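The lines below spell out each chain.
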Amino acid sequence: MPLGLLKYAWKSPESMPRFFPDETPLKKHYDAVIIGGGGHGMACAYYLAKEHGLTNVAVLEKGYIGGGNTGRNTTIVRSNYLTSEGVAFYDESLKLFEDLSDEFDLNIFYSTRGHYTLAHSDSALHTMRWRAEVNKFHGIDSEVVDAAHVKKHVPYMDTNCGGHLPVMGALYHAPGSVARHDAVAWGYARGAQSYGVEIHQKTAVTDIRTVGDRVTGVQTDRGFIETPRVISMVAGSTPTVAAMVGLKTPIEIFPLQACVTEPVKPFMDTIVVSGSLHVYVSQSSRGELVMGASVDPAQLHSTRSTLDFVEGLTDQMVDLFPFTSRLKIMRQWAGMSDLTPDFAPIMGKTPIKGFYLDGGWGTWGFKATPVSGKTMAHTVATDETHHLIQPFSLDRFERFNLVGEKGAASVGH
Amino acid sequence: MNRRLPPQPHEWIDRTRPVSFTLEGQTFKGFDGDVISSALWANGQSVLGRSFKYHRPRGLLSMADHDINAMYDTPERPNVRGDVTPIEAGMSLAPVNTFGTLAKDKGAWLQTVSRFLPVGFYYQTFHKPKALFPFWEKIIRRMAGLGQVNTDWPAERSVKRYHHTDVAIIGAGVAGLSAAKEAMNAGLDVLLVDENPHIGGSLDTHYPFDEHADGLRESVQALEASPNLTVMTRSYAVGYYGDHWLGVKTPSGLVKVSAKSVVVATGVFEQPGVFRNNDLPGVMNASGAERLVARYGVAPCRVGVVLSANPEGVQAALNMIRAGVTVKALLHTGRLSADVRASLTEVGVHVYEGVESPEALGKQTLQGVQFEAGSQTHQLECDGLMMSFGWAPAGALLYQAGARFSYSESLAQLLPVTLPEGVFACGRINGVFDLQDKAQDGARAGRQAALFAKGQPLDPGIDEAGFRAKQAHSHPYPIWSHPKGKNFVDMDEDIQLKDLKAAIAQGFDNVELLKRYSTLGMGPSQGKHSNMNGIRILARLTQKTIVQAGSTTARPMFHPVPVADLAGQRFRPRRQTPMHDWHATHQAQWMETGPWYRPEYYATESDATASIDAEIDAVRRKVGLIDVSTLGKLTIFGPDAAEFMDRAYTMRMANMKVGTTRYGLMVDDSGVVIDDGVVVRFDEETFYVTTTSTGSDQAYQLLTRKVIEWGLDVIVLNRTGQLAAMNLAGPFSQALLQEVVTQPDFDLSLTGFPYLAARETEVCGCAVTLVRVGFVGELGYEIHCQQADALTIWQGLFAKGERYGLRPFGVEAQRQLRLEKGHIIVGQDTDGLTHPFEASLKWAVHFKKPYFIGRSALQRHKARTQRQLVGFELPLHQPLPEVSNLVIAGGQIRGRVTSVGRSRTLNKIVGLAMVDVDWLQNATLLPIRLSHGPSVEAKRVSLPFYDAQGERQNQPLSLDEPQEANQ
Ligand SMILES: Cc1cc2nc3c(=O)[nH]c(=O)nc-3n(C[C@H](O)[C@H](O)[C@H](O)COP(=O)(O)OP(=O)(O)OC[C@H]3O[C@@H](n4cnc5c(N)ncnc54)[C@H](O)[C@@H]3O)c2cc1C
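From first to last, the protein sequence lines stand for chains G and B.
My numbering numbers the first residue of the first sequence as 281 and each following residue consecutively.
My numbering numbers the first residue of the second sequence as 227 and each following residue consecutively.
Careful, some of the hints might be misleading.
To be verified - Far from chain B, by Cβ distances over 10 Å, these chain G residues were calculated:
(1) Lys308
(2) Met408
(3) Ala578
(4) Arg584
(5) Ser605
To be verified - Residues on chain G that point at chain B, a partial pick, calculated with CB under 8 Å:
(6) Gly476
(7) Pro508
(8) Arg566
(9) Val570
Hints in this document: simulated from the structure, not taken from any laboratory.
Quantities reported herein were computed from a predicted structural model and do not represent experimental measurements.
The beta carbon of each residue, even a glycine, is placed where N, CA and C say it ideally should be.
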């Protein structure tokens, strides 16, 4: 048994060290206020304090830590993106992820499983190869494999897909991983607090005050706070918060749903994604199959679950993994995903001085948690946009300088 | 030990029909109507399962689909629940998640080290050193999970149904039944859903000997016969999905229910007490014991003790005695009235009052109970301890519907305070406990639901709270800490009181964080017997009220639902063209494009390449025919048709002459190419357009939406399934077509029917539209006709075509032919961001129009085009690059190959690549990195590769003068 377990054995439950301090009153002034206590907000606070010595910082969270998309996502971490900007950015995130458990002294269960993105058509295969080629160029472990390879490594998959849209090959990404989403947020939160950052849960920002084109403070449901820097890290609420300073973003909110089965003994060690069948799945270390699909068909600011979602998802799952028809769906839920037109995030400075934006994370932002925290902290502390996020600035939409990530989602055929 | 009781008045088993089955290879006998747990218990088996984390022995708890510790694998499926699954003859069961046997589980040592496994222990360890984590992870994964999956199980898919009703009532207990009666009296259709095989709820289990219950039972039977009542038993509402839309899992599959109003009469879940060894087999909920006795005629124990905090506990003790079970004592946490006390002592039940700090005694199973009463410690021997501490609402559906609950201190229970429109709650979930009151409360809800369903105003005089109990039926804090622990709050997840204390001490003091850190309520029962106690503990430790402590979101599913039921029957629409059978008999090799099946090639030669080559040769030298019926086909007509076309497409369309065709390119608002096809103008107000095969639905959707947005007087008609089309191409196409045109004097000459003209005529006696286009780079005609005529024409062409060497060709030959001609395929040579200027389609964008979709975006794109589609070639002997290989120069990605192939016609490799404009300026060579190794240097060439002057359009051959390009 690992020795780590010994240290708590003779402690009474009440004397366990705290992760998060007790609630405290809000101060009148902070050097920076982060809106949103998800993974991104916590990571940003952590790096602001640790790497830039900015510790008079408050994170304001209207609900509880990680209660937004951070605690709802299906935790896939990978770097096999399509564009050079994307690959560089997400690869840096993977590197940070690998060391997080150690850095936090908290096991975030970062588990490298290998990640298959299935292709069911020639054109999908073309896209997979495109990604693989870009990835290889940047030194990312990523390759196109054929259906026989998939069958060999995931023998329980019906690569014939029940006779419709058979698997023709896949993009295989060995570093593809999953992690415990909550633990990532908790680890960053605990770390940030150890440097003096304050985290206020159940504290909603209701308005942002500006004078001229400069931020001066935030209004919360617990009172007003003065601050020269406001960082919005609110994922599904980005349009709402941006509107508080009169900024428009091209972000649209679509519900994204997921579900888990009742736990069964682990048998699935890889992560399998099929864009054409709109399903992806991995098995958690609790034994649940964690499954998701694409975003809901219509825009909606809501986290309600639908029956259509589980019906559609399970229908395709049974084609891919026939035996799963005998499992049971235990729980389903939804998050609000903040989609941009080019499937890349919006990060960095804005026309409002002191207002920084980190949003547009859509269906893919969990994996960016460490790197966005780090690069945003750099950008806020130095007021210089970190080079990794320069391509993701808000004004790219005005300049028609989109990031080519959407290339992967090319029109049919 | 046989625990079977004499027959009970309302039992569900049929004692004349024994059923045998096996557990761990050992044979057990039960009766038809038994569930696994009741049959095992009847046979004296007390250890029904092992717990998830510590592998502690566990018995039964609720007998109500919450007994997660009694789960079994069968050869057919995992995680079969013992407390609700009927036994079947020959059933073979194995307990889930045991290492060894139920009697001796090798995992049980874990409980001796439980102090090393505090809440969230896995977050605290295993990660140092990093390199060892994969090792630990393997072990963790071996310990995790419940049932075993057999990946060879074939797919199961059940049938789904829809059901429409006026009033849906969930829960057929006294309240639900009374609601049903009321709604039916109002003349409405009622659906009654209950998870049990028989309706009646607690009537038979808690009131088996009550004469009022008999009256209700009779009226239930009368109800069941009514034609406007649908009863679904063994069925549960999996979730409330908004707008009175419910999923109901029935034994025969999922039923999707749409109701005008919904009554939730789902009752309450009995909550166990939290005290030392409260999980020992033999400790159970009193309602679980009642179910066991009344439904299956099985005694919960030989000698029992009831541990109670409410009137239900007293009633349970009396029920047990009547049924023939020995109850030696009732331990009450409060005080009882004299007559209640008397009623108990009269039947031999010793009463202890003011009971505190209970503790179950025993090792593998319950042997006794210790407790404090009257400042003394007592011990009693017993093998059954029935807990009656109180209730938590079965409120998931109400929460999902948007109801708000509040905690009633006087009832020590959460009660619904606001309900959404058209949703009603009654019975115990509404805090109503007395039998008569439940009936009245149900009638109240039924009446209101009926009014709502009829669209009438609700009766304002009815008080939702009118029938609620006046005294608490729940203990406000049935939780006792113990220095040695093993007082379980959550039996699914093996969470003890100390775990919650530790989690809260660590700052996870918000109900959601507590759940996530401790996994409270995350197990298969989803907290049905643990969330309420968890909230009580959280409130107590953080000195908050229950309401302040909050509750977690109740997400669907109510009980887990088999994937087979949610998936339903497999429905994959397939589309076939009228020539499908012809293709099949001519060795077509199929490929799927969307719902369509298209011939990729016809396997006429020794291998695929030879077959495709032969098809290409036919088109280039003689004549070929391809089925293009899969193309989207739309007719757009009306006074504003020309204006509409101008706005929808990038090219000018309003100035098209009647009887001509034009290339049609569609972009989206951001200027990205989304579809292309051919546009034909039939008359001033009628256009006919084709779209790509897979883009047709999307294009139709977009265009119909635009009709409405723009308010134009035009109709878009989708004729994809009505019309068929084929393309006859090659130098002999004109001569062959001439033979089958049946309209006298039809002018097929190159001048009479020039390139890009369209004509309506008759071929093989069938009306057709002929369009002269050249996608594959040869003289050719697209023939559009009615589906019903298509095969006649197709076969007519082959009947005359042999002389000309006519061959059918497939999609692969077409791809290569068009590549030689430098024509793009949308979606292959374009990606999700490509605009026309990049795709060398500048000529297809006409800015002179004041507006068209994507115009302003395209103006910007025009000014700064960053990529461009260019042609390249390589000698034939070079390795063939693949689509998506990159162009890499100066250590940077400069582009990628979008199409490539060995050109049979040109004797070289030709391809298209999308390349950065900046870099392209001076580049004459494209260095392409191959998938598995080195680079090749391809020569950049201008497009098209083949027939740059377009002469082939005017070089028909005829059999009489084979060499001439006539006219
Ligand atoms: C079902 C689902 C599956 C997903 N799967 C993956 C995946 O596999 N891999 C991946 O990389 N990504 C995935 N994602 C995306 C990922 O979850 C998100 O992009 C990411 O978690 C965003 O993190 P965040 O910290 O920016 O936002 P969040 O975690 O959403 O945090 C934002 C917080 O801001 C708070 N907030 C909002 N408004 C205010 C206000 N006015 N005042 C105070 N606080 C406010 C919210 O309460 C919330 O807690 C998935 C998302 C969903 C919904």
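Against the structure, test the hints numbered earlier, and report the numbers of the ones violated in rising order. 2, 4, 5, 6, 7, 9
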